[in-house]
Amino acid sequence: MISTLNLLVGLAMGLNLVALGSSRLPSLIRTVATQGVALGLMPLFLESHHLDWRITLVAMATVAGKGFIIPGLLRRAMRAANIEREIQPFIKLVPSLLLGAGGTIAAVALAGALPLLPEHAGSLLVPGALASVLTGFILLIGRAKAISQVCGYLILENGIYLFGLLLIKTTPLLVEAGVLLDLTVGVFVLGIIIDRIQRAFDSLDTRKLTALHE
Amino acid sequence: MNSLLLIIIPLVGAVLAALWPENRTRPWFLPVVGFLHMCLCFRLLVAPPQVSPEAWVGFDPLAAAVLPVVSLLFFVCGIYAVPYLRIRQERPNRVFVAALLAVLGLLSAGHQARHLGILWIATEAVTLAAVPLLHFNNTPRAFEATWKYLLVGGTGIALSLLGSFCLGYSSLHGGGGGDLTFVALMAQGLGLSRPWVLAAWVLLLVGYGTKMGLAPMHTWKPDAYGEAPGIVGAILAGGVTSVAFTAILRIRSVINSAGEGQMADRTLLAIGLFSMVAAALFLLGTRDYKRMLAYSSIEHMGILSLGASLGALGVWAALFHVWSNSLTKGALFLSAGNIRRAAGSPSLTDVRGMSAVVPRSAAIFVTGMFAITACPPFGPFFSELKILGAALRTGHGMAAAGFLVCLLFAFFGLTRVVFAVVDGRPRSAAKAGGKCFRETFGLIAPPLLLLLLSLGLGLFTPALFQNTWTAAVAQLFPSP
Numbered sequence: 001m002i003s004t005l006n007l008l009v010g011l012a013m014g015l016n017l018v019a020l021g022s023s024r025l026p027s028l029i030r031t032v033a034t035q036g037v038a039l040g041l042m043p044l045f046l047e048s049h050h051l052d053w054r055i056t057l058v059a060m061a062t063v064a065g066k067g068f069i070i071p072g073l074l075r076r077a078m079r080a081a082n083i084e085r086e087i088q089p090f091i092k093l094v095p096s097l098l099l100g101a102g103g104t105i106a107a108v109a110l111a112g113a114l115p116l117l118p119e120h121a122g123s124l125l126v127p128g129a130l131a132s133v134l135t136g137f138i139l140l141i142g143r144a145k146a147i148s149q150v151c152g153y154l155i156l157e158n159g160i161y162l163f164g165l166l167l168i169k170t171t172p173l174l175v176e177a178g179v180l181l182d183l184t185v186g187v188f189v190l191g192i193i194i195d196r197i198q199r200a201f202d203s204l205d206t207r208k209l210t211a212l213h214e
Numbered sequence: 001m002n003s004l005l006l007i008i009i010p011l012v013g014a015v016l017a018a019l020w021p022e023n024r025t026r027p028w029f030l031p032v033v034g035f036l037h038m039c040l041c042f043r044l045l046v047a048p049p050q051v052s053p054e055a056w057v058g059f060d061p062l063a064a065a066v067l068p069v070v071s072l073l074f075f076v077c078g079i080y081a082v083p084y085l086r087i088r089q090e091r092p093n094r095v096f097v098a099a100l101l102a103v104l105g106l107l108s109a110g111h112q113a114r115h116l117g118i119l120w121i122a123t124e125a126v127t128l129a130a131v132p133l134l135h136f137n138n139t140p141r142a143f144e145a146t147w148k149y150l151l152v153g154g155t156g157i158a159l160s161l162l163g164s165f166c167l168g169y170s171s172l173h174g175g176g177g178g179d180l181t182f183v184a185l186m187a188q189g190l191g192l193s194r195p196w197v198l199a200a201w202v203l204l205l206v207g208y209g210t211k212m213g214l215a216p217m218h219t220w221k222p223d224a225y226g227e228a229p230g231i232v233g234a235i236l237a238g239g240v241t242s243v244a245f246t247a248i249l250r251i252r253s254v255i256n257s258a259g260e261g262q263m264a265d266r267t268l269l270a271i272g273l274f275s276m277v278a279a280a281l282f283l284l285g286t287r288d289y290k291r292m293l294a295y296s297s298i299e300h301m302g303i304l305s306l307g308a309s310l311g312a313l314g315v316w317a318a319l320f321h322v323w324s325n326s327l328t329k330g331a332l333f334l335s336a337g338n339i340r341r342a343a344g345s346p347s348l349t350d351v352r353g354m355s356a357v358v359p360r361s362a363a364i365f366v367t368g369m370f371a372i373t374a375c376p377p378f379g380p381f382f383s384e385l386k387i388l389g390a391a392l393r394t395g396h397g398m399a400a401a402g403f404l405v406c407l408l409f410a411f412f413g414l415t416r417v418v419f420a421v422v423d424g425r426p427r428s429a430a431k432a433g434g435k436c437f438r439e440t441f442g443l444i445a446p447p448l449l450l451l452l453l454s455l456g457l458g459l460f461t462p463a464l465f466q467n468t469w470t471a472a473v474a475q476l477f478p479s480p
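Sequences listed follow chains A and B, in order.
If you use the working numbering, the first sequence closes out at 214, no skipped numbers anywhere.
If you use the working numbering, the second sequence closes out at 480, no skipped numbers anywhere.
One should not assume that every hint holds.
[Said to hold, decoys possible] Over the 12 Å line for every Cβ pair with chain B, so calculated as not near, a few chain A residues:
id, residue
1, T4
2, I55
3, R79
4, A80
5, R85
6, V133
7, Q149
8, L165
9, T171
[Stated by the list, open to error] If you want the footprint, here are the derived chain B segments under chain A, 3+ residues with CB under 8 Å:
id, stretch
10, 149-155
11, 403-412
Hint data in this document are derived by calculation from the structure and do not stem from the laboratory.
No residue lacks a Cβ here, since even glycine has one placed at the ideal position from N, Cα and C.
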C-alpha cells in the first residue's frame with residue numbers, strides 16, 4: 001500500500017509545481033482543490049489493513065473541507081469581488097517554478113538525512129511535507145492578490161497535514177479534528193476579511209495595503 | 001472541575017452575550033463574567049487544586065503563576081468597557097463583546113493546557129477570536145491591520161503546529177507511545193530523538209514567538225495595536241502574549257529534559273536581546289503613540305525571553321515581570337485610548353498639549369510611561385532588577401550590559417513621544433474633540449487602578465505570588 005500512498009504524495013508534490021506555475025486564479029484554486037482531495041484520500045491507504053470509522057471520518061472531512069468547501073468559498077470571494085483573473089506575481093512564474101523545483105530536490109535530500117522509523121523509511125511523506133511548506137511560503141511571499149496568498153497558506157497547511165499523517169496512528173484524533181476545524185474557521189474568517197478589504201479599498205491587491213508603516 | 005469552569009464560564013458568557021438583544025446593556029457582560037472568573041481564579045490560587053499528572057488541562061503551578069493576572073486585567077478592562085462602549089454607540093458591539101469573552105475563555109484554556117495539542121488548539125482559537133476585536137473601528141486602516149495580523153499570525157501558528165508534530169515524532173522515534181502531555185514528554189527526556197527535538201524547538205520558538213511578538217516576527221504588532229481600541233491592546237499585550245510565553249516555557253522544559261537546554265537558552269537569549277534592540281530603535285523613530293505602545297510591548301517580550309534564558313532565577317523574575325508588565329501596559333493602553341478618543345488622531349503630527357485637554361488621562365499616561373521604563377517604585381523596576389540580578393549571577397555580563405543599554409534607548413524613545421503628546425498648546429481640533437469627550441469616572445478609574453496595582457506589586461510583592469512563582473519554577477525545573 002505504501003506505493004499507492006507514495007503515488008498520491010508524488011501527485012501532491014507535482015501539484016505544488018502546477019500551483020507555482022499557474023498564471024490565473026481559477027486554475028490556482030482548482031490545483032489547490034485537487035491537492036486537497038489527494039491529501040484526503042491518503043489516510044485510507046495509510047491504514048488500509050484496519051480501517052476504523054475515525055480514520056474514515058478524517059478522510060471524508062478532509063476531502064470535503066480541502067477539496068470542496070474551502071475552494072468553493074474562494075471561488076465565491078473571487079466572483080463577489082469581481083477581480084481580474086490574472087495573477088500578478090512579485091516573484092515571476094519561472095523563477096518561482098525554479099525555486100519550487102530546487103526546494104523539492106532539497107526537501108528529498110533533507111528528508112534522507114533525518115532519522116525516520118523503519119515503517120516510514122520508504123515513504124515520501126516527509127519530503128512531500130517539506131516541499132509543500134516551502135511552496136506555500138513562495139506563494140505567500142511572491143503573490144500580490146489576497147486570494148492567491150490564501151491559496152499559498154492552504155498549501156502550507158497541506159504540507160503540515162502531510163507531516164501529521166506520520167502521527168495519525170499514535171496521536172489521539174483530537175489533534176487532527178482540531179486542525180480541520182481551525183483550518184476551516186481560519187479560511188472562513190479570511191473570507192470575511194477579503195470581503196471587507198474589497199469594500200474598503202475597492203481592490204483585493206495587497207500592494208494597496210500600505211497605509212500602515214513607519 | 002473548577003479549572004474547567006474557568007474555561008466554561010467565559011465561553012457560556014460569550015454565547016449569552018451573542019444572544020443578548022440589547023446593544024446598550026450588553027457590555028455589562030464583560031465586568032460581570034470577568035468578576036466571576038477573577039474570583040474563581042484567585043480562589044484556586046489561594047487553595048491550589050490537585051492536578052493529576054496525566055491531566056490534559058489543569059490549574060497547575062505555572063497556570064497559577066500567570067492566569068490570575070490575566071483574569072485581573074480582564075476584569076478591570078471589563079469595567080472600562082462599559083463606559084467606553086457607551087461613547088462608541090455608533091458601532092454594534094454584539095460580536096465585540098462575545099469575541100472578548102471568548103478570548104478570556106480560550107486564554108484560560110491555553111494557560112492551563114498540559115498537552116501539546118490542546119495548547120496549540122487554544123492558541124489558534126485565541127488568534128481567530130481576536131480578529132473581530134481588531135477591526136472594531138471599521139476603518140480601512142483597521143482592515144489592513146487585521147489582514148496583516150491574520151497572515152503573519154496564521155503563518156506563525158501553522159509553524160507552531162509543524163513544530164508540535166516534530167516534537168510528537170521525536171517522542172515516537174524515541175519509542176514513546178504517542179502521549180503528548182508535557183509531563184510524559186519530560187519523563188521521556190533523553191529518550192527523545194535529538195534531531196527532531198532541535199527541529200521542533202526552532203519551529204515552536206518561531207511559531208509561538210510570532211504570537212508573543214518577538215522580533216523579527218513582530219511585524220503584525222504595531223499595526224494591530226495601533227488600529228485596535230485601547231482595551232483590545234491592553235488584553236492582547238497583557239493576556240494573549242502571556243499565553244504564548246507560558247507555551248514557550250513549557251516547551252523549553254521539555255527541550256531541557258531532552259538535554260538541549262543550553263541550546264534553547266542561547267536562542268532565547270539571542271532572540272530576546274534582538275527584540276529589545278529592534279524595539280528600542282523603532283521607539284526612537286515612531287511618530288504614533290499607540291504604535292509606540294506596541295514597540296514597548298515588543299521590548300518587554302524581549303525582556304521576558306531574556307529572563308527565560310537565565311535558568312531558574314531568571315524564569316522566576318520573568319514570571320514576576322509578566323505581572324508587572326501586564327498591569328502597567330493595561331494602564332498605558334487604556335489612558336492612551338482616552339487620549340486617542342479626545343484627540344481624534346494617533347499621530348504626533350496632529351496631537352499635542354493633551355495635558356490641557358484631558359488632564360487626568362495625560363497624568364496617568366505619563367506616570368504609566370515612567371512605570372514601564374522601570375522607574376522605582378513600580379512593579380517593572382523590581383522585576384527587571386531581578387532579571388538583571390539573574391543575568392549577573394549566571395555570568396551573562398554582556399547580556400546584562402546590552403539589556404541596560406536597550407532600556408536606556410527605550411526610555412529616550414518613550415519620553416520623546418509621550419511628552420510630545422502631553423506638552424505644548426493643544427490644537428483647536430483637539431480642543432473641540434476634548435469638549436465632546438468627557439473624562440468620566442468610569443474611564444479614569446480603571447487605568448488608575450491598574451497603575452496602583454502595579455505600584456502595590458512593586459512595593460509589597462505578596463508572599464502568595466512569590467510562592468506560586470517558586471512553585472512554577474519547580475514545575476519547570478524538576479530536581480532529579
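State the violated hints by number, sorted upward, taking the hints as numbered earlier in the document.
6, 7, 8, 9, 11
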